[in-house]
Amino acid sequence: MLRTVKPRNARSKRALEAREAKEVEDVRTAIFVKGTHTGEIVNGVMKELMALKRPDAISFSKKNAIHPFEDASSLEFWAGKNDASMFLMGQSTKKRPAGLIIARTFDSRLLDMCELGVDKFVSMAEFKTPKSTPGHKPMMHFASELFDTHPRFIQVKSLLMDFFNGEVIESICLPGLEHVISVSIASAPSLQIANPILGDSQEEDVQNLPKIHIRTYTVKLLPSGTRVPRVELTEMGPFLDLSLRRHQAADPEMWKAAMRRPKLKKQDLEKGLGKKKKNMEVDEMGDLRGRVHIAKQDLDKLQTRKMKGLKSTLVEEDGRSEDSEQEDDPRQKKRKRD
Amino acid sequence: MDVSNILASHAAKFQSVTVEKETPLDVDTGLLTVTDLTPIDEDSYKSNLEEYLQITARDGIQALVAALYGLPTQPSPDGPLAQLPAPTTQLPRAKPLPKLKPPTKWERFAAAKGIQKRVREKKVWDEERQEWVNRWGKDGKNKEKEEQWIHEVKADAPVDHDPVKAARDARTSRVAKNERQRLQNNARAQTAAGDREERKKDIERTLATTRISTASMGRFDNKLDGEKKLRGVKRKFEAAETSVEQEKQASLAVLSKLDGDVKRARKEKGAGDDVLNVRKAIRNVSKGKGGVALAREANRKGAKSKRGGKR
Numbered sequence: 001m002l003r004t005v006k007p008r009n010a011r012s013k014r015a016l017e018a019r020e021a022k023e024v025e026d027v028r029t030a031i032f033v034k035g036t037h038t039g040e041i042v043n044g045v046m047k048e049l050m051a052l053k054r055p056d057a058i059s060f061s062k063k064n065a066i067h068p069f070e071d072a073s074s075l076e077f078w079a080g081k082n083d084a085s086m087f088l089m090g091q092s093t094k095k096r097p098a099g100l101i102i103a104r105t106f107d108s109r110l111l112d113m114c115e116l117g118v119d120k121f122v123s124m125a126e127f128k129t130p131k132s133t134p135g136h137k138p139m140m141h142f143a144s145e146l147f148d149t150h151p152r153f154i155q156v157k158s159l160l161m162d163f164f165n166g167e168v169i170e171s172i173c174l175p176g177l178e179h180v181i182s183v184s185i186a187s188a189p190s191l192q193i194a195n196p197i198l199g200d201s202q203e204e205d206v207q208n209l210p211k212i213h214i215r216t217y218t219v220k221l222l223p224s225g226t227r228v229p230r231v232e233l234t235e236m237g238p239f240l241d242l243s244l245r246r247h248q249a250a251d252p253e254m255w256k257a258a259m260r261r262p263k264l265k266k267q268d269l270e271k272g273l274g275k276k277k278k279n280m281e282v283d284e285m286g287d288l289r290g291r292v293h294i295a296k297q298d299l300d301k302l303q304t305r306k307m308k309g310l311k312s313t314l315v316e317e318d319g320r321s322e323d324s325e326q327e328d329d330p331r332q333k334k335r336k337r338d
Numbered sequence: 001m002d003v004s005n006i007l008a009s010h011a012a013k014f015q016s017v018t019v020e021k022e023t024p025l026d027v028d029t030g031l032l033t034v035t036d037l038t039p040i041d042e043d044s045y046k047s048n049l050e051e052y053l054q055i056t057a058r059d060g061i062q063a064l065v066a067a068l069y070g071l072p073t074q075p076s077p078d079g080p081l082a083q084l085p086a087p088t089t090q091l092p093r094a095k096p097l098p099k100l101k102p103p104t105k106w107e108r109f110a111a112a113k114g115i116q117k118r119v120r121e122k123k124v125w126d127e128e129r130q131e132w133v134n135r136w137g138k139d140g141k142n143k144e145k146e147e148q149w150i151h152e153v154k155a156d157a158p159v160d161h162d163p164v165k166a167a168r169d170a171r172t173s174r175v176a177k178n179e180r181q182r183l184q185n186n187a188r189a190q191t192a193a194g195d196r197e198e199r200k201k202d203i204e205r206t207l208a209t210t211r212i213s214t215a216s217m218g219r220f221d222n223k224l225d226g227e228k229k230l231r232g233v234k235r236k237f238e239a240a241e242t243s244v245e246q247e248k249q250a251s252l253a254v255l256s257k258l259d260g261d262v263k264r265a266r267k268e269k270g271a272g273d274d275v276l277n278v279r280k281a282i283r284n285v286s287k288g289k290g291g292v293a294l295a296r297e298a299n300r301k302g303a304k305s306k307r308g309g310k311r
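Chains as they are written, first to last, in the numbering used here: chain A, 1 to 338; chain B, 1 to 311.
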């Protein structure tokens, strides 16, 4: 555990405050780490993914003898030290050649991990096309029904979205949309939906899982005669073909804590972001207006102006028609009072 | 008048911007993400992979761009800013939700009275100097009284009255009061957070140390009402007779503490002369230049003396 630092001046205090938990979080900073050995392919992949992730990326230049699936304490230490919450680790071994591990942390503790093997890698430099500006947000495209059904691919989608695009923003400059990261899944001949009893962490299952294609394109927006422009894509690179390997799912307790959302503010509720309140709306002036529904009015019971003459005749008529003693008694009392 | 021809020719000039899919695309504009849940087309996948991937990506992105251009926008110097809705995809947080700070005593009072918080400006206008000066801190306005060169003293003021000291004391006592209130607020927040027992122990410990902090160790102090007798830690004695097994274990524990194998090895490896702190000695002899400089100097001296000998 890192020692807790008490700020000694205003500057370090501000720096510490910037690291504190926020309601709306900043983008996840990723640390790029190399394992004991990385081949040419892994080096290239990490370099190009770093180019896409910049400026929210930290590169570790030295080799590290770490095995996150056995012991993740180093990752947790780095996460706390660098205020980073994502990791991309590259390692190439004889058993698992050209491997990438994407890991993310929650509260400086490891949340979940997924290992991907690089089967094919085409570098950015091989396409002589314009590249995107560093720091611009990409648009993401996922194509397969497995991203909605298979737990392994749901995790991969969540990790990739967090890696490239996890930040919640209020607005985006439309001409600033420059590139697309497209993630698709190959066709799988014999893919059953994971057996919940056997679990999907078995090695045989991993062999059967289809490949993932990651493609990066730049966007060209052409006039279409309407407000919405026509989209054309140009290859940008890197192109990656990945296969799934080991993974570690999130601990349910920790996942629950990580998915906790802040309470919506009153203003947001009125805007209709939260649970919608019926019959309430905010008008253009910012005033809250409501509609009230009431039952239909019974006009027979409406109290009009009281007049002595009218009242006595009415009561007498009633008494005659119903001929009940109960009606008679109040009348007698009234007379006595009069 | 029939305009269908004109419309058709106009449409032919531009390519379509509509996307038709069997299953509707899942567009999350908040995170600029689109998910296409259509199963892949095996034939075109196998015949031309790259082209197929690009076409599906184009269709998806076209739908996303259409959704983005449909959002309300605000003009900006770089182009229109689309106001994004909250994302529909839930991603895990990187840090836990921030905890609400418990309100301070003043904040609670202000809330009850309906007092609005207003931000005081850090600088105030100085009429004499005709410039903006700090309200507090360096050359602060609050030190004005104690720094002025002449003071007005009442006629009936005592002889030893020092107006500078009085002003300074008033200011420092305000600062001290604020600090005291801050600590009280912290303590209150701590008790509200639930560690009441810890706080109680803390107070008792502080009280115990203050009671024996006088020259007489608290012997001649006035006792307050309800003050309990100070109790120390009671000594505990082992039973005089224990079983053989227990006695053996206790003795062995003492022995192992005295001379554990591991510890002995470590001591030998360290081979440190406990009496002499080598590092400190080197620093002292070399006058802070370090061991290398010392060795170099020694060599040079040796050479000099040799030369001297020859002469």
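Don't take every hint at face value.
SDA-like, lysine to any residue: derived pairs with alpha carbons at most 25 Å apart [what the hints assert, rightly or not]: (1) A:K22 <-> A:G237; (2) A:K120 <-> B:K46; (3) A:K6 <-> B:K99; (4) A:K13 <-> B:E179; (5) A:K13 <-> B:R188; (6) A:K137 <-> B:Q90; (7) A:K22 <-> B:E107.
For the record, the hints were derived by calculation from the structure and aren't laboratory data.
Checked hints:
Among the hinted pairs, K22 (chain A) with G237 (chain A) is inconsistent with the structure: their alpha-carbon atoms are about 34 Å apart, more than 25 Å. Straight-line distance between C-alpha atoms of K120 (chain A) and K46 (chain B) comes to about 17 Å, which keeps the hinted pair within the 25 Å bound. Using a Cα cut-off of 25 Å, the hinted pair K6 (chain A) and K99 (chain B) holds, with the two alpha carbons roughly 19 Å apart. For the given pair, K13 (chain A) sits about 18 Å from E179 (chain B) by alpha-carbon distance, which is consistent with the 25 Å threshold.
Distance check on the hinted pair: K13 (chain A) and R188 (chain B) sit about 23 Å apart at the alpha-carbon level, within 25 Å; holds. For the hint linking K137 (chain A) to Q90 (chain B), the alpha-carbon distance of about 18 Å falls within 25 Å, and the restraint holds. For the hint linking K22 (chain A) to E107 (chain B), the alpha-carbon distance of about 22 Å falls within 25 Å, and the restraint holds.
Hint compliance for this structure: hint 1 alone is broken.
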